[in-house]
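Protein chains: 2
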Amino acid sequence: MAEEKLHEAIDAMKNSGVRITPQRHAILEHLIQSMSHPTADEIYKSLEGKFPNMSVATVYNNLRVFKEIGLVKELTYGDSSSRFDCVTTDHYHIICDDCGKIVDFHYPGLDEVETLAEQVTGFRVGDHRMEIYGKCPDCQKSKH
Amino acid sequence: MAEEKLHEAIDAMKNSGVRITPQRHAILEHLIQSMSHPTADEIYKSLEGKFPNMSVATVYNNLRVFKEIGLVKELTYGDSSSRFDCVTTDHYHIICDDCGKIVDFHYPGLDEVETLAEQVTGFRVGDHRMEIYGKCPDCQKSKH
DNA sequence: ACACTATTTATAAACATTACAAAGTAAGAA
DNA sequence: TTCTTACTTTGTAATGTTTATAAATAGTGT
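The listed protein sequences correspond, in order, to chains A and B.
One point on numbering: in the working numbering, the residue at position 100 of the first sequence is 126, and numbering is uninterrupted.
One point on numbering: in the working numbering, the residue at position 124 of the second sequence is 150, and numbering is uninterrupted.
By construction, these hints were calculated from the structure, which means they are not laboratory data.
Heads up, a few of these hints could be off.
The list treats identical chains as one, so a pair stands whether inside a single copy or across any two.
[Claimed, not checked] Below, a list of computed lysine-lysine pairs in the DSSO-like style, where the Cα atoms sit at most 30 Å apart:
| id | residue 1 | residue 2 |
| --- | --- | --- |
| 1 | K161 | K76 |
| 2 | K99 | K161 |
| 3 | K71 | K31 |
| 4 | K167 | K93 |
| 5 | K167 | K76 |
| 6 | K40 | K161 |
| 7 | K93 | K127 |
| 8 | K71 | K167 |
| 9 | K167 | K31 |
| 10 | K99 | K127 |
| 11 | K40 | K127 |
| 12 | K40 | K167 |
| 13 | K99 | K167 |
| 14 | K93 | K31 |
| 15 | K161 | K71 |
| 16 | K99 | K71 |
Based on the provided sequences and hints, a complete structural model is requested.
Following this line, the structure appears as structure tokens:
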């Protein structure tokens, strides 16, 4: 499953003429395997073991490359640092206001919204993002 | 119209026990009158004339206060700096991938999505945000 | 294996945002 | 009105993320 996605991603890179380096391989693998939505720094730290000499710049560079190919999406919430999410299936995120937990949330998609937006604004729409905010079950229990 | 909104905002501040300073008044006024979605720095610069001694910190401090009262929303896109939007009526934003222009876009709201999200994830939902991305009419013409 | 070019690395720089302490001021009480 | 107190502002320094740069390195097609 994860193997499969990794191969697909590598194929996408080949098709885009992007070189496959060990660092890129590892960053992608981490993004696919980790169920979380890591920051650039978290990725950097978690690969320190395998790549003691890897630079933070490499992480940022490659996340940008992945974004440009469309393999990865950047999530900019209120916090200081961006989070990165492997684009696999269409899904949205629901975020806890208290503890910051991010949970994937599948929804049919909002094609009608995109269509209406095109008509109203004259834009040619390519994409959209949505996040839902609330209080996760754990934080609801600990009502302080 | 703008006058009215300003008064409402000031009342909201009074009710929350937040002091009304000239700086806060000016920042709010600017946010309401400007049809754009300014960054903290843009607000700071545009008030240089009236408040030559105002600190950037004041702008940030007060934007945080306004956010806490619910008068203002912070918009974090891919760019480096956040943008701030006066909460008036429910609306979404459509953003040009090329030139970064932000256009307001009214839509009935996505209550069903919130409801479904509650059921699926167990969160208690409070809010959501959505942005649509595309190419604005101007940038469509100048096909480079 | 070679050559060409993209990529990595290390470091410094840029940038937005926050922290802090001292000076100033809004707002209610006397 | 004046006083008092706690909240705000200011100026500056610090923090933290992200980008720029140049030299060293390593993929990839031939």
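Hints, verified against the model:
In this assembly of identical chains, K161 and K76 lie within 30 Å of each other by CA distance neither inside one copy nor across copies; the values are 37 Å within and 41 Å between. In this assembly of identical chains, the alpha carbons of K99 and K161 lie at most 30 Å apart whether taken from the same copy (24 Å) or from different copies (18 Å). For the homomeric pair K71 and K31, the shortest alpha-carbon distance inside one copy (23 Å) is at most 30 Å, but the shortest distance between copies (48 Å) is not. Taking the closest pair of Cα atoms, K167 and K93 come within 30 Å of each other only across two copies (26 Å); inside a single copy the shortest separation is 38 Å, beyond that limit.
For a Cα distance limit of 30 Å, the shortest separation of K167 from K76 qualifies neither inside one copy, at 39 Å, nor across copies, at 48 Å. Proximity of K40 to K161 under the C-alpha cut-off of 30 Å is restricted to the inter-copy arrangement: shortest distance 28 Å between copies versus 42 Å within a copy. Proximity of K93 to K127 under the C-alpha cut-off of 30 Å is found in both arrangements, the shortest distances being 23 Å within a copy and 21 Å between copies. With identical chains, the CA atoms of K71 and K167 are never at most 30 Å apart, being 32 Å at best within one copy and 45 Å at best between copies.
Taking the shortest alpha-carbon separations for K167 and K31, neither the intra-copy value of 37 Å nor the inter-copy value of 38 Å comes in at or below 30 Å. Both within a single protomer and between protomers do K99 and K127 lie at most 30 Å apart by alpha-carbon distance, with minima of 18 Å and 20 Å respectively. In this assembly of identical chains, the alpha carbons of K40 and K127 never lie at most 30 Å apart, being 34 Å within a copy and 33 Å across copies at closest. When the C-alpha separation of K40 and K167 is checked against a cutoff of 30 Å, the pair qualifies neither within a copy, at 48 Å, nor between copies, at 32 Å.
With identical chains, the CA atoms of K99 and K167 are at most 30 Å apart between copies only, with a shortest distance of 27 Å across copies and 32 Å within one. When the C-alpha separation of K93 and K31 is checked against a cutoff of 30 Å, the pair qualifies only within one copy, where the shortest distance is 16 Å, while the shortest distance between copies is 40 Å. Taking CA atoms no more than 30 Å apart as the test, K161 paired with K71 passes inside one copy only; the shortest distance there is 29 Å, against 37 Å between copies. In this assembly of identical chains, K99 and K71 lie within 30 Å of each other by CA distance solely inside one copy; the values are 20 Å within and 32 Å between copies.
Going down the numbered hints, you'll see the structure goes against 1, 5, 8, 9, 11, 12, while the others check out.
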